[in-house]
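A.B. asks: Taken in sequence, the protein lines are chains A and B.
So the first sequence is numbered by the working numbering: it starts at 1 and just counts up by one.
So the second sequence is numbered by the working numbering: it starts at 1001 and just counts up by one.
These are calculated hints, taken from the structure and not from any lab test.
Take every hint as true, because none was put in to throw you off.
Cβ-to-Cβ under 10 Å is the rule here; a few derived chain A residues that face chain B:
#1 GLY129
#2 PRO193
#3 ALA200
#4 ALA209
Using N, Cα and C, we set each Cβ at its ideal position, and we do this for glycine too.
Number of protein chains: 2
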Amino acid sequence: MTTLAHPDPAQDGAPEESAPTTRCRILAVAERSFREIGYQKTTVADIAKTLKMSPANVYRFFDSKKAINEAVVERVTGEVEALIARIADAAGLSAEARLRQAITMLHRDTVERWAGYPRIHEMVEAAMGESWEVCRHHVDRIGAVFERIVRDGVRSGEFEAEDPAVAARCVQAAILRHTHPLMVSQLPQVPEPTLEQIVAFALRALRPARPAAG
Amino acid sequence: MTTLAHPDPAQDGAPEESAPTTRCRILAVAERSFREIGYQKTTVADIAKTLKMSPANVYRFFDSKKAINEAVVERVTGEVEALIARIADAAGLSAEARLRQAITMLHRDTVERWAGYPRIHEMVEAAMGESWEVCRHHVDRIGAVFERIVRDGVRSGEFEAEDPAVAARCVQAAILRHTHPLMVSQLPQVPEPTLEQIVAFALRALRPARPAAG
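Could you put together the complete structure from these sequences and hints?
C.D. replies: Spelled out as structure tokens, the structure:
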């Protein structure tokens, strides 16, 4: 099915636009609509109409609204994953500083993207329900980055963790209230713990039980 | 408005039933319907029909579906709060053992009540959105019980916490993935961290940074 894999943009109203550009525009419009109108009420026809193209042309790129949502989630999560990975690789920073920065970045990204859009839960729930693998990969990739930082910290003596993979997962769980889109959009009125408080708490759990000798 | 505050059961089809019993039956039917059919699709008329009473009689007890939902949430959260408070007060147990038991109880209660009901998020979201005060009180009451245990632990030297109230809130945040109905019902496929792992992590954060001298 090469026509599906490489859609021919000349078949629709945008003859001079490349296929990746069309794909990108579909995702941008879909993301905005899912956020502002809600996943349930958005149809492929609406997305096509906003883009002044036929629904058939949208279907050349994505075979369902679910497929569009998966691509939106992949794009959004891919962006933040790249930022977090860059922080994890930053030279000259302690493991603690990198973990703190990575968590802060995740939190800010979630708040900027999702807070203030009460309908966003529809899209998130659709992704978690129908497209769990996409979400799972995101959780795993962030977990892997955290694990890398924890391992660095254990190596340098900053942290102590019997199993760095488990410790990384625990950090992920501890920050859920500040980084999960459903929690951030639904729990805005819970002031405590603040991000700083929960980060300090998680770091306490990671520090060696007793000061290093000497 | 004494007729509203003290509905007269004789006005409807259940002349021998006391008002509290009717109220209780309405809540039991509503809870089951919210869980199984979903909050959105359940109407006050459906609840009345199941109970073989008129919608007007249901309205004598609750002036809206929202009011029914609030009463359901209050009943459900009140039950688990009582169990948690009893654990906090248990004599002869260390603070650590009580905190562990309280968290385990909260987790089990959430799983038993909500896991396996994909529509439960509608009821939870309605409560979080329209009836935030009811949810907030629950969060505060559980937080207060955790704080009591943390303070006991600080007093006995088991725990170390600059601000026990903040530490208690951090424990609450850390266990969100295992105790929040939305997370428990939507994240069943994330095996890690296990409850045991996250409890161990939280306890590490609470333990004194260095062993007590002598």
